[in-house]
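If you're matching them up, the sequences are chains A and B in order. The numbering of the first sequence is my numbering, which starts it at 1 and goes up by one. The numbering of the second sequence is my numbering, which starts it at 1 and goes up by one.
Treat the hints with caution; some may be incorrect.
Listed next, the in silico DSS-like pairs over lysine-lysine satisfying Cα-Cα at most 27 Å (straight line) [unchecked claim]: (1) A:K117 - B:K219; (2) A:K6 - A:K138; (3) B:K235 - B:K364; (4) A:K319 - B:K106; (5) A:K117 - B:K235; (6) A:K334 - A:K319; (7) B:K11 - B:K214; (8) A:K20 - A:K353; (9) A:K112 - B:K214; (10) A:K112 - B:K219; (11) B:K100 - A:K196; (12) A:K193 - B:K190; (13) A:K196 - A:K217; (14) B:K235 - B:K367; (15) B:K364 - A:K319; (16) A:K117 - B:K258; (17) B:K190 - A:K196; (18) A:K353 - A:K334; (19) B:K331 - B:K214; (20) A:K367 - A:K62; (21) B:K331 - A:K196; (22) A:K62 - B:K106; (23) B:K235 - B:K334; (24) A:K193 - B:K106; (25) A:K334 - A:K193; (26) B:K258 - A:K319; (27) A:K11 - A:K33; (28) A:K112 - B:K331; (29) A:K33 - A:K164; (30) A:K33 - A:K6; (31) A:K112 - B:K190; (32) A:K330 - A:K173; (33) A:K20 - A:K59; (34) A:K353 - A:K367; (35) B:K106 - A:K217; (36) A:K319 - B:K219.
Computed list of chain A residues with no C-beta within reach of chain B, every gap over 10 Å [to be verified]: (37) P83; (38) K112; (39) Q140; (40) T263.
Everything labelled a hint here was simulated from the structure, so no lab data went into it. Quick caveat: nothing in here was measured; it's all calculated off a predicted structure. Note that the Cβ used here is the ideal one computed from N, Cα and C, for glycine as well.
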Amino acid sequence: MATDGKVITCKAAVAWEPGKPLCIEEVEVAPPKAHEVRIKVVATGVCHTDWEYLFETGKGMKFRPFPLVLGHEAAGIVESIGPEVTRVSPGDKVIPLFLPYCGECERCLSPKTNHCKKNWTNMQAGVLADGTSRISCKGQQVYQFLGVSSFSQYTVVPDTSVAKIRSDAPLDKVCLLGCGVSTGYGAAINAGKVEKDSSCAVFGLGAVGLAAVMGCKVAIARRIIGVDINPDKFEKARQFGATDCINPRDYSKPIQEVVVEMTGGGVDYALECVGSPAIMNAALESTRDAWGTCVIAGWTETETMSISVEKLLMGRTLKGTYFGGWKSVKDVPKLVDDYMNHKLKLDEFITEKLPLVQINKAFDLLKSGKSIRTVISLQDS
Amino acid sequence: MSTAGKVIKCKAAVAWEPNKPVVIEEIEVAPPQANEVRIKIVATGVCHTDLYHLFEGMHKDGFPAVLGHEGAGIVESVGPGVTEFQPGDKVIPLFLSQCKECHLCKNPRTNQCEVAWTRINQAIMAGVESRFTCKGKRVLQFMGTSTFSEYTVINQTAVAKIDPAAPLDKVCLLGCGICTGYGAAVNTAKVEPGSTCAVFGLGAVGLAAVMGCKAAGAKRIIAVDVNPDKFENAKVFGATDFVNPKDHDKPIHEVLTKMTSGGVDYSLECVGNVQVMRSALESSAQGWGVSVIVGWTDLHDIVIRPVHLISGRTWKGSMFGGFKSKDGVSKMVKDYLDKKLKVDEFISHNMTLDQANDAIELMKNCKCIRAVMSVSPP
């Protein structure tokens, strides 16, 4: 491509400091170094975690260095590749990944986990393998959130952090597989291993929760109870397969007691899709003893949760999942196939489409509870 | 037998109130009612959970009671409707029932049972009904078993028939501690061959967990305790490494994570202390670590960071090692007789029921593994 080997000047939404709205800036994106891939980002979702790292740093999240380009749920096209990259070629459709998959380490080779740690510390710190970011603005280095930074028309990621997907996949839909939908869906299928005819409760009916509902339905759960304090979310949850929807604010007793009562003892599987320690405890206590399993899909980095030990002694299992347990590079293309084969919904998650220049509106919609997923198109702002 | 159908007056160690020594009394043991079995207890172990009830002082309504839940004996008589047992059978009382009929018993995923006393009134740590009286007062049967008594009466769903060749003064320990620890490794954690394990707490339950990890083929078993006197025992059962948290400035989970380059595959908490439970969880490997809570507490909450679970650890707990009680105990007795399982090595003291308070003191001061008290002649 004409831009190969050159710095690209393009638009990005830059977070200059915590707590302030994003600014649309002109940024420079350096060419990819060895084992790096430069991607033209076509579409990105806006995830609650992006919002948290901008507005809630210090409250349950570790501080990330600023200035920062957020965004980690995207899809695009490879513009150019650095030396020694063999997994993708210019023109390939790809999904960049905040969770790597090198394919060689003990974790990648183990069926038990998806926690590859290739370049992990650097990506968490917002830089690539050599300790620097490829994005700069007004002469300053701009950090890459989780090493991805999809709120930019171009970005550069390590080659172990990018999944090649089929060329007929619509990027403005499959971008959602970069985080939220994969996380919730996998929480049910991989971590929970929800069984046919079982009962489930999903706490939190945002994108992750709806994806968990979808996963429970695909697993042919008999009963799927959606729990949220915002009743506007119930209709969509029912469309995804929830059989009951309950609002904790409608009850004077704790919601776990409500779930236990309505199921005659508790659910077989509970999935926490909010990221709140108090709700994690409620989710655990809403499971039945003897074999109840509670999966934490919601993210909290530094907070603690308190549970009654007796709940575990009586046979419950508590686990967590990151990116739904999917081995990222390997499994995301299969999820794209599932979407293309109508086994998995994506379109129904999208409640709004906005150009990059209106990205702050996406955050407003998220916080007001009025959106599930806003998809930002990067290339026509 | 000549006592069949009659009230038996016999000796028992009665705990009249919390935090006081138990008293050797004469008690009256009523005959078994429908579906019940009256058992002459020959031997009993003293388990830390007996002390938990006596000294933690939180189950105030659970007194007076006869403690003991790790015993073995011989059936004296059976109540109407009992066909599984007859007088003379060697049995082990079970604090966890297995009725074999409820949907829990029919499900292979759990060892819970619908008729367990824990599902009726856990706060008193006893069965709701009692066949014991003493000095005109009703005395509770602790955990439905009460093995600190020459005779006890138990529902047949909570009694395991065992091989007549089994020596009761040894296999009594299969009534709790050994099955709890061994099963936690084999059934609940499902330790895999070649794996690395850490066992926190080297009392009887911990040693049994070490034994279970070894039986499951673990390559490395790290025994953790603040009392270094316990390490030699742990070695007998198969531990390969020994760590005393007091020898290190760093928190124990950091020590273990470093010595295993990332954390253990399986950790088992065999103490019942919430701080240790947290350390055990954090000592397990990111990505696939499994941590099992074996030690009992129904009183405390534990604080952990969800990120430790989100980064790939699984946290579970179990009672009685996940064994369906009747089936599990009779199999464990058989394994002992076939020399596949150690039991004798747990016995550090042989005493009599009259010495119950001494046995309790030994346990309280961590000066024994298991004291077996002989209760009645066999």
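Evaluated hints:
1. A:K117 - B:K219: holds (25 Å)
2. A:K6 - A:K138: holds (18 Å)
3. B:K235 - B:K364: Holds, because 23 Å separates the two Cα atoms, which is no more than 27 Å.
4. A:K319 - B:K106: holds (25 Å)
5. A:K117 - B:K235: Violated - the C-alpha atoms of B:K235 and A:K117 are around 35 Å apart, more than 27 Å.
6. A:K334 - A:K319: Measuring from Cα to Cα gives roughly 24 Å; hence the hint holds.
7. B:K11 - B:K214: violated (40 Å)
8. A:K20 - A:K353: Holds - the C-alpha atoms of A:K353 and A:K20 are around 22 Å apart, at most 27 Å.
9. A:K112 - B:K214: It holds: about 22 Å lies between the C-alpha atoms, which stays within 27 Å.
10. A:K112 - B:K219: holds (19 Å)
11. B:K100 - A:K196: With a Cα-Cα distance of about 24 Å, the restraint between B:K100 and A:K196 holds, given a limit of 27 Å.
12. A:K193 - B:K190: Holds, because 17 Å separates the two Cα atoms, which is no more than 27 Å.
13. A:K196 - A:K217: holds (9 Å)
14. B:K235 - B:K367: holds (18 Å)
15. B:K364 - A:K319: violated (34 Å)
16. A:K117 - B:K258: Distance of about 17 Å is within 27 Å: holds.
17. B:K190 - A:K196: Holds. B:K190 to A:K196 sits at ~24 Å (cutoff 27 Å).
18. A:K353 - A:K334: Roughly 25 Å separates the two Cα atoms, so the pair holds.
19. B:K331 - B:K214: At roughly 18 Å apart (the allowed maximum being 27 Å), B:K214 and B:K331 satisfy the hint.
20. A:K367 - A:K62: holds (21 Å)
21. B:K331 - A:K196: The given pair, whose Cα atoms are some 32 Å apart, is violated under the 27 Å limit.
22. A:K62 - B:K106: violated (47 Å)
23. B:K235 - B:K334: Satisfied, since the Cα-Cα distance of roughly 24 Å is no more than 27 Å.
24. A:K193 - B:K106: holds (21 Å)
25. A:K334 - A:K193: Status holds; Cα separation ~18 Å.
26. B:K258 - A:K319: Holds, because 23 Å separates the two Cα atoms, which is no more than 27 Å.
27. A:K11 - A:K33: With Cα atoms ~21 Å apart, A:K11 and A:K33 stay inside 27 Å; holds.
28. A:K112 - B:K331: violated (31 Å)
29. A:K33 - A:K164: holds (19 Å)
30. A:K33 - A:K6: holds (11 Å)
31. A:K112 - B:K190: It holds: about 14 Å lies between the C-alpha atoms, which stays within 27 Å.
32. A:K330 - A:K173: holds (19 Å)
33. A:K20 - A:K59: holds (16 Å)
34. A:K353 - A:K367: The hint holds at about 16 Å.
35. B:K106 - A:K217: It holds: about 26 Å lies between the C-alpha atoms, which stays within 27 Å.
36. A:K319 - B:K219: Given pair A:K319, B:K219 holds - Cα atoms ~25 Å apart, limit 27 Å.
37. P83: holds (31 Å)
38. K112: The claim breaks: A:K112 does not keep its Cβ more than 10 Å from every Cβ of chain B (closest is about 4 Å).
39. Q140: Correct as stated: the minimum Cβ-Cβ distance to chain B is 30 Å, above 10 Å.
40. T263: At roughly 14 Å from the nearest Cβ of chain B, A:T263 sits farther out than 10 Å, so the non-interface label holds.
Hint check: violations occur at hints 5, 7, 15, 21, 22, 28 and 38; the rest are consistent with the structure.
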